[in-house]
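*Asks:* Generate coordinates for the entire structure from the input sequences, incorporating the hints supplied.
For the numbering used here, count along the sequence shown from 1 and bump the result up by 9.
In case anyone wonders, no lab produced these hints; they're calculated from the structure.
Be aware that a few hints might be false.
Capping the alpha-carbon separation at 30 angstroms, the derived lysine-lysine pairs in DSBU-like fashion look like this [as the list claims (entries may be wrong)]:
1. K191 - K87
2. K87 - K44
3. K139 - K188
4. K139 - K87
5. K191 - K139
6. K188 - K87
Being a predicted model, the structure only gives us computed values, none of them experimental.
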Amino acid sequence: MNKEQPKLLNLANMLTLSRVAAIPVLVLLLIFENKTASILAALIFLAAVLTDLLDGFLARRHKLVTNFGRFLDPLADKLLNSAALIMLIPLDRVAAWMVFLIIGRDLAITGLRAIATTEGMVIDASLLGKRKTLTQNIAICLLLGHYPIWFLDLHIYGTFFIWVALLITYWSGAAYFIKFYKVVGANPGGGNLTSQD
10 MNKEQPKLLN
20 LANMLTLSRV
30 AAIPVLVLLL
40 IFENKTASIL
50 AALIFLAAVL
60 TDLLDGFLAR
70 RHKLVTNFGR
80 FLDPLADKLL
90 NSAALIMLIP
100 LDRVAAWMVF
110 LIIGRDLAIT
120 GLRAIATTEG
130 MVIDASLLGK
140 RKTLTQNIAI
150 CLLLGHYPIW
160 FLDLHIYGTF
170 FIWVALLITY
180 WSGAAYFIKF
190 YKVVGANPGG
200 GNLTSQD
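*Replies:* Okay, structure coming up:
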């Protein structure tokens with residue numbers, strides 16, 4: 010008897026799609042730059058990040074994992090983060106070179122993951138990769154908010170976290186490349202590779 014497959018547009022995948030839908034709203038808010046728009050953009054980004062935690066939990070708990078979801082989830086994350094980072098450049102909240110390095114590294118790892126798939130490798134998320142994602146999300150959320158709130162200067166904290174995120178981003182990327190070449194060299198027919206992404 011065939012096991013019933015989860016629906017393509019299940020709740021987990023719809024939450025993932027909501028992150029993609031948040032991107033144009035985020036962009037519009039940052040075009041009309043002011044304190045209210047910035048705080049709203051930060052709150053929308055935070056809500057979108059929380060859907061990432063929720064959709065993964067729902068997919069595993071209720072067996073809603075699909076190939077569409079596996080493809081869309083990391084893509085939605087990268088699109089959301091990239092859009093937010095790019096929009097922060099003309100607002101002078103983050104240096105363009107930092108955005109280029111972060112997005113460029115993500116594109117390089119995405120390409121390497123495609124190669125890993127052709128080599129028959131299983132790629133799982135690592136603790137270092139989760140730390141990279143966490144620090145990037147904290148940095149972007151704070152830089153989107155930008156303005157001081159009570160005793161917190163969001164821009165100063167955001168700048169600190171974007172430097173930490175950049176360091177972890179390249180540390181994890183370098184570790185992933187090294188591990189990839191070691192695994193491919195030792196076992197060209199396939200194997201397990203822990204993703205640092």
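*Asks:* A separate judgement is required for each hint: does it hold in the structure or not?
*Replies:* A quick look at each hint next to the structure:
Restraint check for K191 and K87: satisfied, since their Cα atoms lie roughly 27 angstroms apart, inside the 30 angstroms limit. Taking the CA atoms of K87 and K44, the gap is near 25 angstroms; set against the 30 angstroms cutoff, the hint holds. The suggested pairing of K139 with K188 holds, with an alpha-carbon distance near 17 angstroms, which does not exceed 30 angstroms. A C-alpha spacing of about 14 angstroms is found between K139 and K87, which places the hinted pair at or below 30 angstroms, so the restraint holds.
Among the hinted pairs, K191 with K139 is consistent with the structure: their alpha-carbon atoms are about 22 angstroms apart, no more than 30 angstroms. Between K188 and K87, the direct Cα distance comes to roughly 22 angstroms. Compliance with the 30 angstroms bound is thereby established for this hinted pair.
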